[in-house]
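Input sequences plus hints: build the corresponding full structure.
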Amino acid sequence: MTWTIRPPRAEDQEMLAEIYLSVRRETFVWVDPGKFHREDFAAHTNGETVFVCEHENGGVAGFLSLWPADDFIHMLYISPDFQGFGAGTALLQALPEWPQHRYRLKCLVKNRRAKAFYLAHGFRVTGNGTSPEGDYEELSFSPA
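Under full-length UniProt numbering, the first residue of the sequence shown is numbered 1, with each subsequent residue one higher.
Just so you know, these hints were derived from the structure itself, not from any lab.
In this text, a Cβ means the ideal position worked out from N, Cα and C, and glycines have one as well.
A portion of the hints provided could be inaccurate.
[Claimed, not checked] Cβ pair distances, simulated, as ranges: (1) Asp135 to Gly59: 17 to 23 Å; (2) Thr130 to Gly59: 33 to 39 Å; (3) Glu26 to Gly59: 14 to 20 Å; (4) Asp40 to Pro7: 19 to 25 Å; (5) Lys35 to Gly129: 37 to 43 Å; (6) Gln83 to Glu14: 19 to 25 Å; (7) Thr49 to Gly86: 31 to 37 Å; (8) Thr27 to Gly129: 16 to 22 Å; (9) Thr27 to Pro68: 30 to 36 Å; (10) Lys106 to Asn57: 22 to 28 Å.
[What the hints assert, rightly or not] Restricting the straight-line Cα-Cα distance to at most 20 Å, the calculated cross-link-like pairs of lysine to aspartate or glutamate (DMTMM-like) are: (11) Lys35 to Glu14; (12) Lys106 to Glu14; (13) Lys110 to Asp71; (14) Lys106 to Asp40; (15) Lys35 to Glu133; (16) Lys106 to Asp71; (17) Lys106 to Glu48; (18) Lys35 to Glu97; (19) Lys110 to Asp32; (20) Lys106 to Glu56; (21) Lys115 to Asp71; (22) Lys106 to Asp81.
Here you go:
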């Protein structure tokens with residue numbers, strides 16, 4: 001598939017919120033799904049730089065949100081229909097100065113698929129902690 005990475009448009013907000021909500025509910029099965037709400041997307045990306053991944057037919061496949069001040073990847077979510085086809089990789093590659101720049105993120109320990117994705121893209125475990133959704137590991141990407 002061919003991916004286009006672009007800034008979000010006003011008309012994307014509903015789809016981005018739906019992807020965020022549905023993927024969280026499907027992935028974080030150990031968390032009460034009632035704790036996730038459509039409004040979370042706007043609140044959780046406030047002040048962040050959002051990158052939208054659009055598939056070749058023009059629909060939104062997913063997004064990445066970045067807190068630029070800390071080079072922190074806050075979220076990377078791909079609609080289940082597009083997982084495994086390179087959308088996540090395209091989003092990482094669209095980050096400023098990728099792969100010559102250092103980035104970090106937190107990944108829930110129970111989210112094994114996401115952790116495998118990040119490790120396959122050069123991230124390494126550099127710390128750990130606990131959040132309301134469970135234990136997490138901090139992963140860092142450092143240029144070779």
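* Which of the stated hints cannot be reconciled with the structure, identified by number in ascending sequence? -> Hints 1, 5, 7, 9, 10, 12, 13, 18, 20, 22 contradicted; others consistent.
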